[in-house]
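K.L.:
Sequence:
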Amino acid sequence: MAVPDVRAARRLVVKIGSALLVDRATGLRQGWLSALALDVAEAKVRGADVVLVSSGSIALGRKVLGLPSGELTLEQSQAAAAVGQIRLARAYEEVLAPHGITTAQVLVTLEDTTDRRRYLNSRATMETLLGLGVVPIVNENDTVATDEIRFGDNDRLAAQIAVTAGADQLILLSDVDGFYSANPKEDPSAVRFDVVETITPEIEAMAGDPISGLSKGGMKTKLMAAKTAVAGGCAMAIMEGSVLRPLKALAEGAHRTWFVPGADPQVARKRWINAMKPKGEILVDAGAVTALRAGKSLLPAGVRSVKGAFGRGEPVAILGPDGAVLGKGLIRYTAVEAKAIAGHKSGEIEGILGYAGRAALIHRDDMVI
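Going by the numbering used here, the first residue of the sequence shown is number 1, and it counts up by one from there.
A couple of the hints might just be wrong.
Mimicking DSS-like on lysine-lysine, the simulated pairs with C-alpha atoms at most 25 Å apart in a straight line are [unchecked claim]: (1) K227 <-> K277; (2) K270 <-> K307; (3) K277 <-> K307; (4) K185 <-> K220; (5) K279 <-> K307; (6) K307 <-> K339; (7) K296 <-> K345; (8) K296 <-> K307; (9) K279 <-> K296; (10) K296 <-> K339.
Derived by calculation from the structure, the hints in this document are not laboratory data.
Using the sequences and the hints, build the whole thing.
P.N.:
Structure, rendered in structure tokens:
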């Protein structure tokens, strides 16, 4: 199987760990971050969308607040995050702005990706930002997340963001240069894998436990991230990230391990949607059938009737005028709202519902025909 090339990425998610970004003694590693900005700018010039999933808010905040080293209480962590998030966002803005790149801060919790309605909102927001050429800076919302609703590490958060954004590549910038058959610090015979095509039980058994308490994400969490990414059609690389311009180093052959998927993100997403059990039915007219088969989104004007009780973001079956099933899709309105706007033009939605809704009833990216 061909090894992915980071220079060919269409949509790239890069995860940055705290230790790469923040020095405990001196604070922000400004030189490293400025070099990373060059990598991001080059990717943008090549036409790639870029999302950065960045740790570091707590590490930055605790230094400003003078909090002690060692384990922080939940309240201390949240306070440090509140102070650090501002500085983290500003740091990225300052290094990317000279390249003409606009940044946005996106804070999420685990609930935002497990709740279908929030998931669709996150996906729509991310798609809009990337469509406008923005580089989103994503982090867990540590100021509100409790242990019950957290990812707990940014490896898995990055994988979920990659799937949500439909990325084709995810790069974990780490303190290790890949995935090994055993802990290389303990076993000199440990071998690094260049490519992992299938995450087998044997591969999982090799992950072991975190080497130290310096980070929340050990190799087990990276492997969990890889499983999430490849299931969503996204290739994932683990590489040592402290080198200046790590993405350039990756392109030039730096040590790394690639986990490769069996399908591209859109194909995997369509399979996921197709496997869902519909909560309702949308009957469309002949004009809508033609549009859908041409790859268009489903607009309210083409809907003749709506059946079932479903919430926003839930799967529905799409039926042609003869009642035959055309496909499935994740609908952007509740059943009550869909019935109200069926047969109407998108420009009439606000007048009917009292607020400006989305133009499409089901977006083409959320549909299988």
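K.L.:
It remains to establish, for every hint, whether it holds in the given structure.
P.N.:
Outcome of the hint check:
1. Note on K227 and K277: the hinted pairing holds, with a Cα-Cα distance of about 24 Å set against a maximum of 25 Å.
2. The suggested pairing of K270 with K307 holds, with an alpha-carbon distance near 23 Å, which does not exceed 25 Å.
3. Simply put, K277 and K307 have alpha-carbon atoms about 14 Å apart, close enough for the 25 Å limit, and the pair holds.
4. Taking the CA atoms of K185 and K220, the gap is about 16 Å. The hint holds against a cut of 25 Å.
5. For the hint pairing K279 with K307, the CA-to-CA distance comes to about 9 Å; that is within 25 Å, so the pair holds.
6. Note on K307 and K339: the hinted pairing holds, with a Cα-Cα distance of about 8 Å set against a maximum of 25 Å.
7. Restraint check for K296 and K345: the C-alpha separation of about 15 Å stays at or below 25 Å, so the hint holds.
8. A C-alpha spacing of about 22 Å is found between K296 and K307, which places the hinted pair at or below 25 Å, so the restraint holds.
9. The suggested pairing of K279 with K296 holds, with an alpha-carbon distance near 22 Å, which does not exceed 25 Å.
10. Between the alpha carbons of K296 and K339 the distance comes to roughly 21 Å, so the proposed pair stays at or under 25 Å and holds.
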